[in-house]
Amino acid sequence: MAMTMHVDVVSAEELIYSGTAEFVSAPAEKGEIGILPRHAPLLSRIRPGALRIKPANSNDPDVVLYVSGGLLEVQPHVVTVLADTAIRGADIDEAKARDAKARAEEALKGKSGAMDFALAQAELLEAVAKLAVLEKLKKRGH
Amino acid sequence: MAGGKEIRTKIKSVKNTQKITRAMEMVATSKMRKAQERMRSARPYGEKIRNVAAHLAVALVDYAHPFLQKRDTVKRVGLITVTSDKGLCGGLNTNALRLALSMMKQWHQAGREVAVTAIGNKGFGFMSRNGAKVVSSITGLGDAPHLEQLVGPIKVMVDAYIAGEVDEVHLVYTKFINTMKQEPVVEQLLPLSGEAFGQPEHGYNWEYLYEPDPKTVIDELMTRYLEALVYQAVAENMASENAARMVAMKAATDNADKVIGNLQLLYNKTRQAAITKELSEICAGAAAV
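Here the protein sequences come in this chain order: A and B. For the first sequence, counting from 1, position 16 maps to 95 in the working numbering; every step adds exactly one. For the second sequence, counting from 1, position 191 maps to 195 in the working numbering; every step adds exactly one.
Pulled out of the complex, with its shape left as it was, chain A reads as follows (with noise of 0.2 Å):
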């Protein structure tokens, strides 16, 4: 029987993904990286992206997942992605920040916040990523 490694994906708000694999590819920080077992152990941030998870039961279809961002740790036999349920990044985070500070002050005084540029952008990101995945899927059905 072929190597494998034990896959888990989860969002801060319910599990994803758990079971065997035999590879994974993932979008990992500075380009698309395949990780079969016994790889070395890696931490990494992930961009938004498609997730492809090979099931050791090679009878079993691929699994591709959509992550909006988050971070994959890999060691030897497991691999875990702890996957964000909302786009990230420095500058929306600080956008929200700003927003909820604002709507404290706001709802003390008795008006509402904008984070519009940011958001627009990186929904842009996430949408392109997101069809990339579909295509990916309609490939793969035909």
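Wrong hints could be hidden among the right ones.
Only pairs whose alpha carbons sit at most 25 Å apart, straight line, appear in this in silico SDA-like list of lysine to any residue [said to hold, decoys possible]:
#	chain 1	residue 1	chain 2	residue 2
1	B	Lys219	A	Glu184
2	A	Lys109	B	Pro216
3	B	Lys109	A	Glu184
4	B	Lys90	B	Thr143
5	B	Lys38	B	Ile181
6	B	Lys137	A	Pro134
7	B	Lys219	A	His118
8	A	Lys209	B	Tyr67
9	A	Lys133	B	Thr143
10	A	Lys109	B	Lys137
11	B	Lys79	B	Glu215
12	A	Lys109	B	Thr220
13	A	Lys209	B	Lys90
14	B	Lys38	A	Glu173
15	B	Lys219	A	Glu173
16	B	Lys219	A	Thr164
17	A	Lys109	B	Lys79
18	B	Lys219	A	Glu108
19	A	Lys109	B	Ile181
20	B	Lys35	B	Asp217
21	B	Lys219	A	Ala169
22	B	Lys219	A	Leu121
23	B	Lys38	A	Glu93
24	B	Lys9	B	Ile24
25	A	Lys109	B	Tyr67
26	B	Lys254	B	Lys79
27	B	Lys219	B	Glu152
28	B	Lys38	A	Ile95
29	B	Lys219	A	Gly110
Label pairs and their computed distance ranges (CB to CB) [to be verified]:
#	chain 1	residue 1	chain 2	residue 2	range
30	A	His85	B	Asp223	25 to 33 Å
31	A	Lys218	B	Arg47	35 to 43 Å
32	A	Asn138	B	Arg102	18 to 26 Å
None of these hints come from the bench; they were simulated from the model. Even for Gly, the Cβ is constructed at its ideal location relative to N, Cα and C.
Chain B: place on chain A using the hints.
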């Protein structure tokens, strides 16, 4: 004694109220189940992230993250209060806020300033009424809270912590023990205690490869860990809220039954008295003729 008609109207009005409380009880029951489910499904993330952090603690000794460093003097304290948006859930918010208030009093006596982040309408209203310094807030989370909504308010507090504006951050929420029992608790968020991470599972101690670099990755990990803790608290609070509401509404429905019973008795007595009175009047009238 009130007339028959007034009593009948009153019975009807109580019955209407009872219908509402019964409906609310049923709604709360179904929402509680979903909230409990959500609370459970949030757990794996917390556990995983804790594992990763534990691996890191072993792998990386030389970089001490500010979240893990205890400060010698605590001058200002941050408090995050998690409460519900809506009322009619028994003593839930009152208990949590009373606990928060007693903590704040303690801190004030120790000469520490308090900054508050309010999650939930009730806590926000309470804190602003009490003249507390509310630095950020989020209200109207709805039935399904999303982490996205919490990022901003938490960041305000975390930034304040990193900038040294607050030296400790605490979290107040209501812990869900079971359907009948919920308990307000205070937990220290920052600085994180090292023991919270426990020991890594299998004692790996390999050096990690980092992308893009260790500091960035660790910073992000820590931020997410904190957010996961707060999200967990919000999810738990929501389960507590619905459980408390369910119990409160059940009590209200039962009380309405009692009130209706008493009013019905009164109504019957009044009716009987009126008939007796009428009969005796007729008899007296007949005798007089």
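Hint by hint, here is what the structure shows:
no. : hint                            : verdict
1   : B:Lys219 / A:Glu184             : violated (33 Å)
2   : A:Lys109 / B:Pro216             : holds (7 Å)
3   : B:Lys109 / A:Glu184             : holds (23 Å)
4   : B:Lys90 / B:Thr143              : holds (10 Å)
5   : B:Lys38 / B:Ile181              : holds (16 Å)
6   : B:Lys137 / A:Pro134             : violated (52 Å)
7   : B:Lys219 / A:His118             : holds (22 Å)
8   : A:Lys209 / B:Tyr67              : violated (36 Å)
9   : A:Lys133 / B:Thr143             : violated (42 Å)
10  : A:Lys109 / B:Lys137             : violated (43 Å)
11  : B:Lys79 / B:Glu215              : violated (37 Å)
12  : A:Lys109 / B:Thr220             : holds (14 Å)
13  : A:Lys209 / B:Lys90              : violated (37 Å)
14  : B:Lys38 / A:Glu173              : violated (32 Å)
15  : B:Lys219 / A:Glu173             : holds (19 Å)
16  : B:Lys219 / A:Thr164             : holds (23 Å)
17  : A:Lys109 / B:Lys79              : violated (42 Å)
18  : B:Lys219 / A:Glu108             : holds (14 Å)
19  : A:Lys109 / B:Ile181             : violated (45 Å)
20  : B:Lys35 / B:Asp217              : violated (43 Å)
21  : B:Lys219 / A:Ala169             : holds (15 Å)
22  : B:Lys219 / A:Leu121             : holds (14 Å)
23  : B:Lys38 / A:Glu93               : holds (13 Å)
24  : B:Lys9 / B:Ile24                : holds (23 Å)
25  : A:Lys109 / B:Tyr67              : holds (23 Å)
26  : B:Lys254 / B:Lys79              : violated (45 Å)
27  : B:Lys219 / B:Glu152             : holds (23 Å)
28  : B:Lys38 / A:Ile95               : holds (17 Å)
29  : B:Lys219 / A:Gly110             : holds (19 Å)
30  : A:His85 / B:Asp223: 25 to 33 Å  : holds (27 Å)
31  : A:Lys218 / B:Arg47: 35 to 43 Å  : holds (36 Å)
32  : A:Asn138 / B:Arg102: 18 to 26 Å : violated (59 Å)
The structure fails hints 1, 6, 8, 9, 10, 11, 13, 14, 17, 19, 20, 26 and 32 (numbered hints given earlier, in ascending order).
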